[in-house]
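Protein sequences, first through last, are from chains G and Z. So for the first sequence, my numbering puts the first residue at 1; every next one is plus one. So for the second sequence, my numbering puts the first residue at 1001; every next one is plus one.
Keep in mind the hints are simulated off the structure, nothing from the lab. Any given hint could turn out to be false.
Said to hold, decoys possible - Below 30 Å or equal to it, Euclidean Cα-Cα: the simulated DSS-like pairs (lysine-lysine) are:
hint: 1; chain 1: G; residue 1: LYS73; chain 2: Z; residue 2: LYS1136
hint: 2; chain 1: Z; residue 1: LYS1179; chain 2: G; residue 2: LYS114
hint: 3; chain 1: Z; residue 1: LYS1573; chain 2: G; residue 2: LYS2
Listed below, chain by chain, are the residues.
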Amino acid sequence: MKSNKELFKELGAFISEKNNDPSELISILHFAQGLFGYLPMSVQTFIAEKLKINVSRVYGVVTFYSFFTMVPKGQNVINICLGTACFVRGAGDLLTKVEEILKIKNGETTPDGKFTLTTLRCVGACGLAPVMQINDKTYGNLKPEDIEGILADYY
Amino acid sequence: MLVNIKINGKDYQADSSLTILKVCRRYHIHIPTLCYMFHEETNLEHKPASCRVCVVEVKGRRNLVPACATTVYEGMEVTTNSLKCMEYRKNVVELLLSNHPNDCVYCAKNNKCELQALAAELGIRRVHYHGELSQKNEYHNARGLLKNPAKCILCNRCTAVCREVQSIEAIVPTMRGFKTVISTPNKCITCGQCIQVCPTGALIQQDDTLLVEKALADKDKYVIVNTAPAVRVSLGDEFGLPAGTNVEKKMVTSLRELGFDKVFDTNFGADLTIMEEANEFIERYQKKENLPLITSCCPGWVKFIEQEYPDLLQYPSSCKSPTEMFGAICKSYFAEKNNIPKENIVVVSLMPCLAKKREAARSELSNDGYQNVDYVLTVKEYAELLKRRGIQLQDLPDSDFDHPLGESSGAGDIFANTGGVIEAVARTASKWLQGEVKDCNFTAVRGLSGVREASVKVSDDVTLNLCICSGLAGARKVLEEIRNGTSKYDAIEIMACPGGCVNGGGQPVRTDMDQIDVIKARQKGIYDIDKDKLIRISCDNEEIKALYDEYLIAPGSKKAHELLHTHFHDSSKA
């Protein structure tokens, strides 16, 4: 586990690589979220100072995109696609099932920090609808009864 | 390139770079707008095309187009008032109203709200859509700005002004869709320009009228008021008088009617500021140190340099602002001369400015444990107070300021305009350096654009390089030059509001004419007052001379420093 200081150093190096260019803000935020797991105010302020822009602008972008989060996420992030194709093929039922099993609502993190549950609109895999992603892995053609077995792999 | 277009069946010619809206405005064809803003004084055209109120029909286009963001082309045929347009606009405004509290009757913006006016203009009698409000209908106080997100229509005029005119971005849009909200001000300098452009009651100013009324009702209190230079040419706006009308003498009468014990003039404080600032300038100029001297009358600007350029804090003049100097003199010289206990004196400042409220609360702007200024009222607040008391300003007889803190030179008056402070400094410096001033009108420093340069000859061998900024985006460029060591100026005047105090964040907003014309009328009003004054140089003011003879000894003396000078803090981390 890297110390906070090291993470900031790494982030600083990445921003320098991007020539401290404010138009790179989104890619920098992506990178920062990858490093820290989330984007607390300290990280946003750091980025703003490096790019010489106001932290309020950074905050505006962070809150605009649902991908960015200001609260720490769980070890595993579950994304259920609620795009049109997935939805008509039963993504709503998948969501209910996950909520039932993990005893959390959409957008929340389990108390043990294992899982964060979120939804998104279309991952571009409509042929596999309904689709659920856990971290970088995509599961397709799902039925509610498949969920329990999949989640078990992550304990 | 000129193109031929048809609007509502009639032929017109227009430049192809113009939008339909601009062409229509030029030919006095009315198209309603809501989110659109042309901030002519800073040449900022804000056209997010987000409200869709200005939609018009263009022949050959399937959908209606926003007039604010569509440029004209050869042969274009536009209809601005078809049934389709009318219905569409009505629908759009109904949708806005469906997400808007309908508490107009007791909204601070009642009768001054653009959304309300638009609903009336379009003849909306009911709203066909109902649903929950996207935000809670309540005000939050953030440093003197009251923000109610439920009344916000997300036109983003406020964020545009904060970003483009002031280069601060204290407020920005955050979140997305239904949850979108303008953020709570961060690093706000309280210039109030966002309030001035807000079409609804989403951004309004804090109201301190009750505090002043309580002080006036208290028999033990000796309540002194001082009125800023810019107030006399704007207060009339609230009482149906033409823009720029000088209502100084009626204003004095109205203040007496309200019950103020003494009615004095901030102009006196302005003359005093010039004595100290010109003295400080000549000292620095002769030693060639800490140049350029930057004026420090504007509290919005002072807050700006403290938070954005804390490494340059040696450049602003150490002088307090005119009203703070005035307050300090009230609670020392005036109190002692008239045997009034300092604790009983309440100093109220009538200002064109919102940032003055925060300035008055600064702990270093006090002497012997008493704040120099106790309460600040903006012109808007004062007009409300008068109306509540049933005082009709326009019908009042004339009267003059009280003395001894009521006399002023024309140099004090011109503080209201951008360039005024530097011109006032030049007059006194010139008088001191060469004994007399042939022409008081240093017109080279006057104007309206955001950054102006002028060379002013103040004596046979001294020509000063001056710079005048109003609006902080321009000031930022000038400050960067100082930081890089490339600044060539001897003195710089900076005012946060575009055009200076005549366009301050506490000034009335006229809905019947363009703001730029209002600013010009007020500027002219101020220069006319100055022109007609017998005394036009601060150091010729007899009451100022008496104050120095009896009390302060000389500009820059120990006593003067105690009472009239201040210091600045690095607030970049706060």
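Here is what the structure says about each hint:
| no. | hint | in the structure |
| --- | --- | --- |
| 1 | G/LYS73 - Z/LYS1136 | 28 Å, holds |
| 2 | Z/LYS1179 - G/LYS114 | 28 Å, holds |
| 3 | Z/LYS1573 - G/LYS2 | 27 Å, holds |
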